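**Student:** Single-letter residue listing:
There are 2 protein chains.
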Amino acid sequence: MPERPGGRTARVRASVLRAAGDLLVESGFARLDLGDLARRAEVGKTTVYRRWGSVTAVVTDMLLEMAVESVPRADTGSLLGDLRANARLVVRTLTDRRQGPLFKAMLAAATSDVDTAEALKRFYATRIAEWAPCVTDAAARGEVPADTDAEEVIRAVSAPLYYRLVTGTGELDDAVADRAAEAAVAAAKAGVFRRGEHALD
Amino acid sequence: MPERPGGRTARVRASVLRAAGDLLVESGFARLDLGDLARRAEVGKTTVYRRWGSVTAVVTDMLLEMAVESVPRADTGSLLGDLRANARLVVRTLTDRRQGPLFKAMLAAATSDVDTAEALKRFYATRIAEWAPCVTDAAARGEVPADTDAEEVIRAVSAPLYYRLVTGTGELDDAVADRAAEAAVAAAKAGVFRRGEHALD
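Going down the list, the sequences are from chains D and R.
Take the first sequence: its position 120, counting from 1, is numbered 120 in the numbering used here, and each next residue is one higher.
With the second sequence counted from 1, adding 201 to any position gets you the numbering used here.
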């Protein structure tokens, strides 16, 4: 029985993205090469060149896939509960044996490659938009001011976790995740993340 | 009049570190080479090889120099005032035409080079220790709980600024700096950064 093209195309993509992840984790972005990638994925070199054409296009595609695969937002009934779930998910991703080095490699690549930077930016925009409703729901429940910038609160949860990742200062564990969520909630309740100018003293 | 050896050594170091900064900003860490560096600094290649021996040693030395050169802590009389000064200083550094690309290059290099990662960690430890007294002074004035983890508060101020730098999400300006300081103060006042376990609900 002949295979449907969609089935084969999807399998080729899965193989190539898996191989790209392996190679990135093993040797970093600078040494990633489409020829090695085709060999590792056991896919024809021509197919890889025709479909992606550049290392950056492969990394962009990995980020697209990761954005689609991401875990849906939590809905625990409280902002602190939801943001704790978000923070723990981020810690789990950044400390994962495979995804941790992958994120480090992509963040490093983004500092010198505008296309990777753009792909990474879109990836975070997708993730943040997915979790922002936790904050708008909390605002509707009266937990935080109505004009709270939901996306800024979600970014505030991730920030200390990424800071630790890139500067190498401090552990990344559930206690740190919980503290990141608590800090974001305390600041949101105090009105720090309200849209527009609201000087606090 | 013959020069004192200390004077010459200091000048050679200044030339080499300045040239290394130029080259890092222009073409990134991966392409930094001791030979090019010696040429650019107009210093003998043998001197550079003997004194530093590796690109990593040069970058480590740049970080040491930057740690020494850093601006002393603010002392405005309020935690929010001090942390705003800290956040604005970080934003000024990260958006500086020269220092911004330098930090990006060093953060990228640290993801794959343990020596650079170690040097960067020591750099942040120095900076954080320098500003931590702003928090212990605030605790003494009763602005935040006495058992507040001062270094964690200083890290919390930098975190959203570095998060924006590495993920490319959002601007880096004084308004963002002020918000980072306000968020850290609100969380500290709420007891989020107290040492040990203090569950908040």
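No lab work stands behind these hints: they were computed from the structure.
Treat the numbers as computed from the prediction; the structure is a model and nothing was measured.
One or more hints might be untrue.
[Stated by the list, open to error] Below are the EDC-like pairs computed for lysine to aspartate or glutamate, each with C-alpha atoms no more than 16 Å apart in a straight line: (1) K390/R with E319/R; (2) K322/R with E151/D; (3) K121/D with E372/R; (4) K189/D with E151/D.
**Student:** Evaluate each hint against the coordinates.
**Tutor:** Going through the hints against the structure:
Among the hinted pairs, K390/R with E319/R is inconsistent with the structure: their alpha-carbon atoms are about 32 Å apart, more than 16 Å. At roughly 29 Å between alpha-carbon atoms, K322/R and E151/D are farther apart than 16 Å, so this suggested pair is violated. For the hint linking K121/D to E372/R, the alpha-carbon distance of about 13 Å falls within 16 Å, and the restraint holds. Our distance criterion of 16 Å between C-alpha atoms is met by K189/D and E151/D, whose separation comes to about 15 Å.
Of the numbered hints listed earlier, those contradicted by the structure are 1, 2.
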